[in-house]
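Engineer: Numbering (the numbering used here), first residue to last: 1 to 305.
Treat the hints as calculated values from the structure; they're not laboratory data. Since we're looking at a predicted model, the values are computed, not measured. Ideal placement from N, C-alpha and C gives every residue a C-beta, glycine not left out. Please note that the accuracy of each hint is not assured.
Now the in silico label distances, taken between C-beta atoms and shown as ranges [as the list claims (entries may be wrong)]: (1) E251 / E202: 35 to 45 Å; (2) Q30 / R147: 52 to 62 Å; (3) Q29 / A141: 31 to 41 Å; (4) Q30 / L56: 19 to 29 Å; (5) D117 / A141: 36 to 46 Å; (6) T95 / N161: 41 to 51 Å; (7) K233 / A160: 23 to 33 Å; (8) T174 / Q29: 38 to 48 Å; (9) K177 / S71: 16 to 26 Å.
Listed below are the simulated BS3-like cross-link pairs for lysine-lysine, each with C-alpha atoms no more than 25 Å apart in a straight line [stated by the list, open to error]: (10) K244 / K7; (11) K300 / K114; (12) K196 / K5; (13) K227 / K244; (14) K300 / K7; (15) K5 / K302; (16) K272 / K300; (17) K244 / K96.
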Amino acid sequence: MKTAKNKTLIVIVGPTAVGKTAMAIKLAQQFSTEIISADSRQFYRELKIGVASPSLEELSLATHHFIGNLSIHDTYNVSKYETEALQCIDEIFKTKEMAVLVGGSGLYIDAVCKGIDELPDPEEELRENIKHLYATEGITALRSQLRLLDPVYCNEVDLANPKRLMRAIEVCLTTGKPYSSFRVNQQTPREFNIVKIGLSREREELYDTINHRVDLMLEMGLLDEVKGLFPYKELNALNTVGYKEIFAYLENECSLAEAIEKIKTNSRRYAKRQLTWFRRYDDITWFEANNHTEIFDYLKIKLIK
RNA sequence: GGCGUCGUAGCUCAGUUGGUAGAGCAGAGGACUGAAAAUCCUUGUGUCACUGGUUCAAUUCCAGUCGAUGCCA
1 MKTAKNKTLI VIVGPTAVGK TAMAIKLAQQ FSTEIISADS RQFYRELKIG VASPSLEELS
61 LATHHFIGNL SIHDTYNVSK YETEALQCID EIFKTKEMAV LVGGSGLYID AVCKGIDELP
121 DPEEELRENI KHLYATEGIT ALRSQLRLLD PVYCNEVDLA NPKRLMRAIE VCLTTGKPYS
181 SFRVNQQTPR EFNIVKIGLS REREELYDTI NHRVDLMLEM GLLDEVKGLF PYKELNALNT
241 VGYKEIFAYL ENECSLAEAI EKIKTNSRRY AKRQLTWFRR YDDITWFEAN NHTEIFDYLK
301 IKLIK
């Protein structure tokens with residue numbers, strides 16, 4: 001292995017709007033290193049205001065990877081991200097002692113830190129067929145199909161969640177083997193240290209910030225950004241808070257005020273889901289988001305070891 | 001000022017022909033392996049405005065008070 005075990009990946013996680021971007025930049029500056037983003041929506045260069053991508057000014061303060069590196073027309077997934085992010089980290093470690101991974105997408109963070117099981121990439125046509133089955137015959141059709149293909153997974157999976165069922169069926173059909181046989185769920189050891197830091201704030205304060213940030217997004221021109229993307233509203237990348245609500249307004253399904261309120265609500269819920277995800281980590285140290293000195297002190301001790 | 005209507009969960013409201021109450025939304029908790037800002041699951045006790053009266057029993061009936069609102073002056 002090229003990367004020595006004395007290199008360290010600092011991982012910054014936390015709910016949306018907690019202050020991850022600013023923290024990551026400070027760390028990158030302090031330790032003269034680069035930032036790897038793990039935000040599944042900031043990958044797309046067409047999405048800026050609505051996903052709170054780092055501004056040009058922020059981007060100029062530190063080297064960022066995986067910001068605006070994709071188009072909404074690209075198909076992408078966690079597996080590709082895992083491969084590319086690890087390559088990127090390797091590259092950074094050739095010249096730096098550490099790197100900063102920052103983002104709110106828990107699954108993507110996990111992919112980098114622990115790896116994910118080897119599975120085949122989805123086939124577009126097959127996926128469409130399965131979607132069609134669900135659309136025409138409903139979730140019970142998915143259940144009975146999966147029961148035939150993979151009874152083991154049937155006992156574990158949330159049978160009310162169509163996406164889980166569809167993916168499992170998809171894997172079974174492409175490989176001819178049960179989906180559960182691929183789910184070894186084994187951690188892939190990494191050739192670098194990982195230090196995880198969680199940023200948190202009082203719930204009420206976080207929600208105030210989220211609400212306020214949505215208003216700022218509108219002032220910055222979110223409406224125009226979304227209008228420009230209206231033709232592509234069916235793309236997965238645009239099934240995103242801040243966009244889907246305004247699409248509904250543009251289709252006269254609600255007023256603009258209602259759409260804005262909905263963006264705020266959905267952003268709060270997103271933050272809540274992120275917290276649920278990150279709370280289960282037992283290797284994370286939590287800090288008040290604005291307590292920079294405490295975080296730096298903690299890191300200095302961690303990095304000496 | 002007079003007359004009417006209303007005052008029930010954080011919000012909008014339903015309801016109890018008198019036996020202390022329930023929906024939607026918001027909120028909370030959880031799950032999560034190639035679509036993840038996605039997708040899915042669970043979750044409703046609140047001085048029924050206040051004070052008194054009638055009653056075995058009042059949030060429900062009666063009176064008064066306060067507040068909101070409409071009409072008339």
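Engineer: What hints, given by number in increasing order, does this structure fail?
Structural biologist: The structure breaks hints 3, 5, 9, 10, 16 and 17; every other hint is satisfied.
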